[in-house]
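**Q** If you want the building blocks of each chain, they are given just below.
Number of protein chains: 6
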Amino acid sequence: MSKKVQEFNEYRSKMNEKILSSDNKVIKRIFNLDTNAYAEGHLSVKTKELLGLVASAVLRCDDCIAYHLDTAYKSGVTKEEMMETMSIATLVGGTIVIPHLRRAVEFWEALEEETPN
Amino acid sequence: MSKKVQEFNEYRSKMNEKILSSDNKVIKRIFNLDTNAYAEGHLSVKTKELLGLVASAVLRCDDCIAYHLDTAYKSGVTKEEMMETMSIATLVGGTIVIPHLRRAVEFWEALEEETPN
Amino acid sequence: MSKKVQEFNEYRSKMNEKILSSDNKVIKRIFNLDTNAYAEGHLSVKTKELLGLVASAVLRCDDCIAYHLDTAYKSGVTKEEMMETMSIATLVGGTIVIPHLRRAVEFWEALEEETPN
Amino acid sequence: MSKKVQEFNEYRSKMNEKILSSDNKVIKRIFNLDTNAYAEGHLSVKTKELLGLVASAVLRCDDCIAYHLDTAYKSGVTKEEMMETMSIATLVGGTIVIPHLRRAVEFWEALEEETPN
Amino acid sequence: MSKKVQEFNEYRSKMNEKILSSDNKVIKRIFNLDTNAYAEGHLSVKTKELLGLVASAVLRCDDCIAYHLDTAYKSGVTKEEMMETMSIATLVGGTIVIPHLRRAVEFWEALEEETPN
Amino acid sequence: MSKKVQEFNEYRSKMNEKILSSDNKVIKRIFNLDTNAYAEGHLSVKTKELLGLVASAVLRCDDCIAYHLDTAYKSGVTKEEMMETMSIATLVGGTIVIPHLRRAVEFWEALEEETPN
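From first to last, the protein sequence lines are chains X, H, W, B, F and S.
If you read the first sequence in full-length UniProt numbering, its first letter stands for residue 1, the second for the next number, and so on.
If you read the second sequence in full-length UniProt numbering, its first letter stands for residue 1, the second for the next number, and so on.
If you read the third sequence in full-length UniProt numbering, its first letter stands for residue 1, the second for the next number, and so on.
If you read the fourth sequence in full-length UniProt numbering, its first letter stands for residue 1, the second for the next number, and so on.
If you read the fifth sequence in full-length UniProt numbering, its first letter stands for residue 1, the second for the next number, and so on.
If you read the sixth sequence in full-length UniProt numbering, its first letter stands for residue 1, the second for the next number, and so on.
Among the hints, a few may not be true.
To be verified - Straight-line Cα separation of at most 20 Å, SDA-like style, residue types lysine to any residue; simulated pairs:
#, chain 1, residue 1, chain 2, residue 2
1, H, Lys3, H, Arg103
2, H, Lys46, X, Lys25
3, S, Lys46, B, Glu40
As the list claims (entries may be wrong) - Some chain H residues well away from chain X (every beta-carbon gap over 12 Å; in silico):
#, residue
4, Glu10
5, Lys14
6, Lys46
7, Glu109
Honestly, the hints are just simulated from the structure, not real lab data.
Cβ coordinates follow ideal geometry from the N, Cα and C atoms, glycine included.
Given only the sequences and the hints, what does the whole structure look like? Please build it.
**A** Shown next as structure tokens:
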């Protein structure tokens with residue numbers, strides 16, 4: 001597995017476990033909601049992942065972008081679709097999104113190396 | 001035409017005209033890009049409008065939300081799809097998105113009154 | 001009741017009802033969480049309301065500020081405590097918070113007129 | 001005086017007075033700093049006003065934009081310079097800045113009507 | 001001392017010193033205000049630290065979060081109170097706050113290792 | 001060349017090349033606009049670089065700040081002018097800008113080491 005992707009996933013899992021082992025119900029429910037919100041509904045999983053990606057990109061959250069790139073890649077999103085999504089993020093959110101676009105393209109390459117389509 | 005929708009469109013058109021009549025090339029090109037970015041591509045117009053909507057919602061820009069609700073409505077997005085998009089925005093962007101969700105639902109109703117599907 | 005406070009509450013209630021009458025579970029659960037998060041816990045209701053207020057202020061959400069001013073006022077927060085909370089918001093969030101501080105002070109006066117302590 | 005400009009200035013003055021009459025030292029000092037920061041220094045007043053304008057624009061604070069348009073106009077900034085500043089804001093901050101650009105152009109016209117250069 | 005906490009504090013001190021040795025009065029005064037704003041007042045130091053923490057969390061500033069975790073820990077805030085504060089931040093600011101919550105929990109553990117309560 | 005500056009520039013160039021080799025026209029045009037917007041116009045290159053710097057600073061984008069520090073340094077901006085620009089950013093954007101100010105001062109020193117004026 002690509003070191004970049006693996007490190008990201010391991011840190012994420014380790015800390016999520018610690019957070020969920022605390023007694024805080026509000027945080028637990030937000031984590032649960034996160035799973036529900038991206039499930040198949042009136043919109044497809046793929047569309048929802050792209051919605052999560054563009055929201056993460058304009059809010060400039062690298063870890064959130066990486067997470068949605070990962071799930072988008074697994075749900076069959078192509079590089080062209082990902083780039084089109086990121087182009088809307090860059091237009092709406094401005095050139096301050098570009099550094100996150102650079103890291104997104106780098107992470108996407110790591111995903112491609114890890115599991116070639 | 002619904003007064004709410006009409007007023008929004010008239011102000012928007014009037015001011016866009018003034019802005020584009022200035023000699024500023026950078027602004028003119030950004031306005032042009034806005035048209036290109038939402039055109040049919042690897043992703044459908046409908047998906048792109050939802051991407052524009054969710055980006056506008058998490059960045060909490062009422063006028064941008066109204067604009068994308070209008071174009072989304074015209075490209076056949078259903079109320080359920082719009083609400084699902086806004087639910088992702090509210091989850092990713094937090095409860096501060098809720099006041100914008102209220103105004104979005106109000107604007108959507110104005111669109112429905114104006115042109116029943 | 002102060003017209004300002006009444007109008008705010010009426011619009012809020014009317015739109016919340018419409019939103020909650022839709023079939024969107026994610027949004028319903030976020031609304032529920034909002035109630036739970038500010039309930040007495042390891043921290044008092046009053047402290048939590050001030051946390052909600054400062055978060056709303058630095059994120060510059062007027063409706064969220066108004067909502068937390070209302071509940072803070074009802075849970076016995078004094079004007080001095082409210083101003084101290086807003087001063088931290090203005091320092092952390094910068095002078096762009098000042099226009100929201102102006103409207104917060106105006107809304108607080110409306111609350112004082114409505115129900116003198 | 002243009003009604004738009006006058007109303008803005010009156011509300012601003014009235015609320016600032018109320019805020020400064022409270023006993024909160026932190027807020028008072030931030031208000032003082034605001035005056036100092038835009039005074040002639042290594043950079044000219046005009047350049048500083050444009051810096052304040054672009055910062056207000058990318059942070060999408062209409063009242064802050066109006067304030068800096070007013071002071072920029074009075075310190076001799078031309079419409080072309082203002083538009084160039086706003087074009088950088090729109091590029092860096094994205095198309096979500098456009099609704100604020102519309103209102104900025106409208107406010108600038110009100111300033112021009114009030115005191116023709 | 002925990003390496004994580006030590007490195008953070010050393011870099012912070014070194015750079016603050018450089019910044020304060022420049023001739024910029026506005027920056028110096030903002031640094032001073034920062035000390036005043038969190039001093040005992042109408043609200044307790046502990047409450048103010050939690051206000052600083054939640055503001056830093058919703059604005060997603062890791063260094064600011066670390067700083068307030070450090071001072072909150074020293075003023076006797078418990079882990080449960082910290083988590084409750086962060087749960088309000090995550091609800092108000094949305095799931096984009098979660099990556100910062102992960103790093104906050106990690107930093108808190110470093111503080112606990114350094115000086116067990 | 002300073003390692004810090006060199007690494008920043010190399011990563012930036014490498015990723016920009018990858019991004020521009022994709023078929024996405026919207027992104028390409030935004031990259032082009034970025035060049036045009038900072039060219040001599042009604043405002044000087046130096047003023048425009050400072051506008052780009054303050055916008056990047058209040059939006060808290062470290063890579064954007066580094067980029068504008070680099071171009072500002074090359075266009076003859078002095079340390080005092082840079083600090084005055086950053087002081088406006090810190091006032092308008094709040095104390096959450098301070099961590100970025102620390103890294104900006106560090107990057108500026110790397111630029112000074114690399115090419116003494």
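**Q** Indicate, hint by hint, whether the structure satisfies it.
**A** Taking the hints in turn, this is what the structure says about them:
no. : hint                 : in the structure
1   : H/Lys3 with H/Arg103 : 15 Å, holds
2   : H/Lys46 with X/Lys25 : 37 Å, violated
3   : S/Lys46 with B/Glu40 : 17 Å, holds
4   : Glu10                : 23 Å, holds
5   : Lys14                : 23 Å, holds
6   : Lys46                : 9 Å, violated
7   : Glu109               : 18 Å, holds
The structure shown violates the earlier hints numbered 2, 6.
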